[in-house]
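Asker: Sequence:
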Amino acid sequence: MRFLVALAVATTAVLVASPVAAPNAPTKLERRAALEAAVVREMNRVRATKGLSQLRAAPSLRSAARSHSQAMLVYDFFSHDSADGTAFSERIRRYYSNSGYARWSVGEALMASPGRAVGAEAIVAAWLGSPPHRAIVLSPTWRDAGIGVLYAPSAPATFGGTEVIVVTADFGLREGRAETW
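Residue 597 is where the sequence shown starts when you use the working numbering, and the numbers rise one by one after that.
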């Protein structure tokens, strides 16, 4: 099975550029909420075998991830940066704020799988099969995770123009109270 995968980690952000129009947006996108939950469970199962703490499902990171999966399908791109050039860390910060925290960090993994279905085990296995993705999934840094999975029956050209499932996994850490003066 052919997968597209991508990974990013950041602790800083970039400013927003102007929006981009949707030239060949798919007509219908379906959220796969059950698969989103299954991916978190599978990552936690694998993390437990390595003695790592469980990731908490974070609704704010899930919203960020779903939004990015949708944007990739609507604007026909596959990248951590948004279609308008916004860095992934700034995009995630809009949902998972660093305000009031002394330490904030985010990471992201992407995957696209052709077809109508893919299992949580296959998604996590694809990430674990790539050293940079394995490092992010198994990083002890992360406390929170949100998964966004969307299915398009007729995807744009970047995804081959046929059925595709696009997965965004956003990871985060917020801890400590920031000093205020």
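Read the hints as simulated data drawn from the structure, not as lab findings.
A couple of the hints might just be wrong.
Stated by the list, open to error - Estimated spans, in silico, between C-beta atoms of each pair:
#1 G715 to K646: 29 to 35 Å
#2 E759 to A721: 31 to 37 Å
#3 E771 to A731: 16 to 22 Å
#4 P710 to E775: 45 to 51 Å
#5 R699 to P655: 19 to 25 Å
The C-beta atom is built at its ideal place from N, Cα and C for all residues, glycine as well.
Asker: Could you work out which earlier hints the structure fails to respect and list their numbers in ascending sequence?
Answerer: 1, 2
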